[in-house]
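Following the hints, position chain C against chain Y.
Number of protein chains: 2
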Amino acid sequence: MSEELIQKLLEGDKRAIAKAISLVENEPNNAKQLIKEIYPYTGNSYVIGITGAPGTGKSTLIAKLIPEFLKEKKRVGVLLIDPSSPFSGGAIFGNRIRMSDLTNDENVYIRSMATRGMLGGVSRATSDAIKIFDASGKEIIIIETVGTGQVDVDVFNKVHTNVVITVPGLGDYVQTLKAGILEIADIFVVNKADRENADRTVSDLEEMLSIGPKKEWKVPIIKTIATEGKGIDKLYYEIKRHQNYLMTSNLMQEKQKKICYSDLIDIIEQGIRNKVQDKVKSKKFDEILGRIISKEIDPYSASEEILNNGKREIR
Amino acid sequence: MSEELIQKLLEGDKRAIAKAISLVENEPNNAKQLIKEIYPYTGNSYVIGITGAPGTGKSTLIAKLIPEFLKEKKRVGVLLIDPSSPFSGGAIFGNRIRMSDLTNDENVYIRSMATRGMLGGVSRATSDAIKIFDASGKEIIIIETVGTGQVDVDVFNKVHTNVVITVPGLGDYVQTLKAGILEIADIFVVNKADRENADRTVSDLEEMLSIGPKKEWKVPIIKTIATEGKGIDKLYYEIKRHQNYLMTSNLMQEKQKKICYSDLIDIIEQGIRNKVQDKVKSKKFDEILGRIISKEIDPYSASEEILNNGKREIR
Chain Y
730 MSEELIQKLL EGDKRAIAKA ISLVENEPNN AKQLIKEIYP YTGNSYVIGI TGAPGTGKST
790 LIAKLIPEFL KEKKRVGVLL IDPSSPFSGG AIFGNRIRMS DLTNDENVYI RSMATRGMLG
850 GVSRATSDAI KIFDASGKEI IIIETVGTGQ VDVDVFNKVH TNVVITVPGL GDYVQTLKAG
910 ILEIADIFVV NKADRENADR TVSDLEEMLS IGPKKEWKVP IIKTIATEGK GIDKLYYEIK
970 RHQNYLMTSN LMQEKQKKIC YSDLIDIIEQ GIRNKVQDKV KSKKFDEILG RIISKEIDPY
1030 SASEEILNNG KREIR
Chain C
730 MSEELIQKLL EGDKRAIAKA ISLVENEPNN AKQLIKEIYP YTGNSYVIGI TGAPGTGKST
790 LIAKLIPEFL KEKKRVGVLL IDPSSPFSGG AIFGNRIRMS DLTNDENVYI RSMATRGMLG
850 GVSRATSDAI KIFDASGKEI IIIETVGTGQ VDVDVFNKVH TNVVITVPGL GDYVQTLKAG
910 ILEIADIFVV NKADRENADR TVSDLEEMLS IGPKKEWKVP IIKTIATEGK GIDKLYYEIK
970 RHQNYLMTSN LMQEKQKKIC YSDLIDIIEQ GIRNKVQDKV KSKKFDEILG RIISKEIDPY
1030 SASEEILNNG KREIR
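If you read the sequences in order, they're chains Y and C. Numbering follows our numbering, with no gaps: position 193 of the first sequence is 922. Numbering follows our numbering, with no gaps: position 147 of the second sequence is 876.
Please note that a few of the clues may not be correct.
No copy is singled out in the list; a pair is fine if it fits within one copy or between any two copies.
[Stated by the list, open to error] 30 Å max Cα-Cα, derived DSSO-like pairs, lysine-lysine:
| no. | residue 1 | residue 2 |
| --- | --- | --- |
| 1 | 1004 | 1024 |
| 2 | 1024 | 969 |
| 3 | 1004 | 765 |
| 4 | 748 | 1024 |
| 5 | 1004 | 987 |
| 6 | 1024 | 1012 |
| 7 | 943 | 987 |
| 8 | 1008 | 765 |
| 9 | 1024 | 737 |
| 10 | 803 | 1024 |
| 11 | 802 | 743 |
| 12 | 943 | 984 |
| 13 | 963 | 952 |
| 14 | 984 | 803 |
| 15 | 1010 | 765 |
| 16 | 1004 | 986 |
| 17 | 803 | 737 |
| 18 | 1010 | 984 |
| 19 | 1012 | 765 |
| 20 | 1004 | 959 |
FYI, nobody ran anything at the bench for these hints, they're computed from the structure.
With the rest of the complex left out, here is chain Y:
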């Protein structure tokens, strides 16, 4: 990106932000230079994660939540992590449609980031996108992910407040997820709370939380009906309360360190992976693969050979 575009990005220009995120999506190694240059201008955003299974109403909830921040004159960036299929070749969700009323507001920037083909790189791409929003002056950054496992856990390491959404009657599947996702939630939302069994879902969550490790922050469970805007004020209040909790303890500093740590680890791993990719492309790699298939060498010894630049490890 040219100096001029970076300047525009720092001024919050929507087209410049769009170009920068595209760079992260499509040319991660070029995005690196950009992030280096804007890094000094980051560190001023509060990052909120919103995660939940498809159909729980995340996008509608976010669309209703944004105006609460706008009332406070905050600038808001929304990143929708989109696990689009390599098969369908495009986004599955109608997120942007649901939020379309907001996209003309100059203080709101909503962007979905397709993650197909980004195996292992979603985490790093998310960090980069957060830094772009941050440097562009967004005081509030909302990251939406689909609650399907690893990505959520990775994204959890990037946010200050993590909101987990469920709905009544999602059944077996959610039961499975809940267990894994319980400990990454700072706030629980039971959306579509006009469905039957909403109270049952709340008490199930309460019970699961009660048997977990005791923490100083008691995770609140909020009932919402996002389509009608009900409960959004309460959610907003709890997000602010959690932010305040982090600020008034020394946890904010700890959190910041954790985010920084996770970020650095991602980048180091990517750096090493790039080095390995170079090796994979080499003739030697093909030769070694052949030796594994013919049982001349086992894959662990082969890996040692590759990582130690051809020198076998001494056992």
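Frame of chain Y; chain C shown alone:
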């Protein structure tokens, strides 16, 4: 593991297999030595993946499928990849209970592998477990995974025939999954086919397959009622037909190469992760983290500094 235990493992002793898999679960770096030693005895198994969302009846289906292989005097190993929660601290599913009739059969070995805390390592652990089953003389290995994204795609790279199960009326969630999972299916099963809308589910799948890229192998869609054993013979037939298809084309060799490749990449990545961990433990890492937080250095330059052993990269 002692030489004696390895000998017993190669003879198919159940206790030895159990110990070996525990090693993979709990001490991956020690398991490495074991895999090196048994590697020459592997390569004789046919590996079948069974994946689907919770509640689709995977375990019941597998329990009914195993006897079909036993009739042919095959030895069968079943590995249940269990995304147990770090929170609940244990397995969620009643898989083993559903299969308990079979656990006393000397030609069947069923084992669930908990994947909590194995972030990123599930794929490698699965490869290791497959090699253990393989070396222990199991001609058929069945891998069950819960259809929640990345893990399935990883496991797909380890198997010869991949069976994807769905049920009528799973709704939104499955719609999302299906797109991602479509292209990794060699066979589709619509289980609980006595539910209404079963034919609708079949025709939905047919339609989705018809818009995908054309392949020589036309993915069959089979209706089953696993609890009643209905359709199992047809599934068994299609698995054999797919195996035969791979064998009589040169695809089997290609598949074997792909499995080997995926295996080696996993191991290399793990090796890399270990190297990163070594760096993280160093004093220098803490110092650099402090410099990132204070904005003295950006994380990309910091990573370069760490990977180049302190020398800054020349731009």
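Against the structure, the hints come out as follows:
1. 1004 with 1024: both (26 Å within a copy, 27 Å between copies)
2. 1024 with 969: Intra 60 Å, inter 26 Å, cutoff 30 Å: inter-copy only.
3. 1004 with 765: Both. Shortest intra-copy (20 Å) and inter-copy (24 Å) distances satisfy the 30 Å Cα cut-off.
4. 748 with 1024: Between copies, since 24 Å is at most 30 Å while 49 Å is not.
5. 1004 with 987: Both. Shortest intra-copy (26 Å) and inter-copy (20 Å) distances satisfy the 30 Å Cα cut-off.
6. 1024 with 1012: within (19 Å within a copy, 41 Å between copies)
7. 943 with 987: The answer is within: 20 Å in one copy meets 30 Å, while 46 Å across copies does not.
8. 1008 with 765: both (26 Å within a copy, 22 Å between copies)
9. 1024 with 737: between (57 Å within a copy, 21 Å between copies)
10. 803 with 1024: between (62 Å within a copy, 24 Å between copies)
11. 802 with 743: Classified as within; 18 Å inside a copy, 66 Å across copies.
12. 943 with 984: within (19 Å within a copy, 49 Å between copies)
13. 963 with 952: The answer is within: 9 Å in one copy meets 30 Å, while 47 Å across copies does not.
14. 984 with 803: within (22 Å within a copy, 54 Å between copies)
15. 1010 with 765: So residue 1010 and residue 765 pass the 30 Å test inside a copy (28 Å) and across (25 Å) alike.
16. 1004 with 986: Classified as both: same-chain Cα gap 27 Å, cross-chain 22 Å, threshold 30 Å.
17. 803 with 737: The answer is within: 19 Å in one copy meets 30 Å, while 67 Å across copies does not.
18. 1010 with 984: Result: close only across copies, 19 Å inter versus 39 Å intra.
19. 1012 with 765: between (34 Å within a copy, 24 Å between copies)
20. 1004 with 959: For residue 1004 and residue 959, neither the intra-copy (51 Å) nor the inter-copy (50 Å) Cα distance is at most 30 Å.
Checked against the numbered hints above, the structure violates only hint 20.
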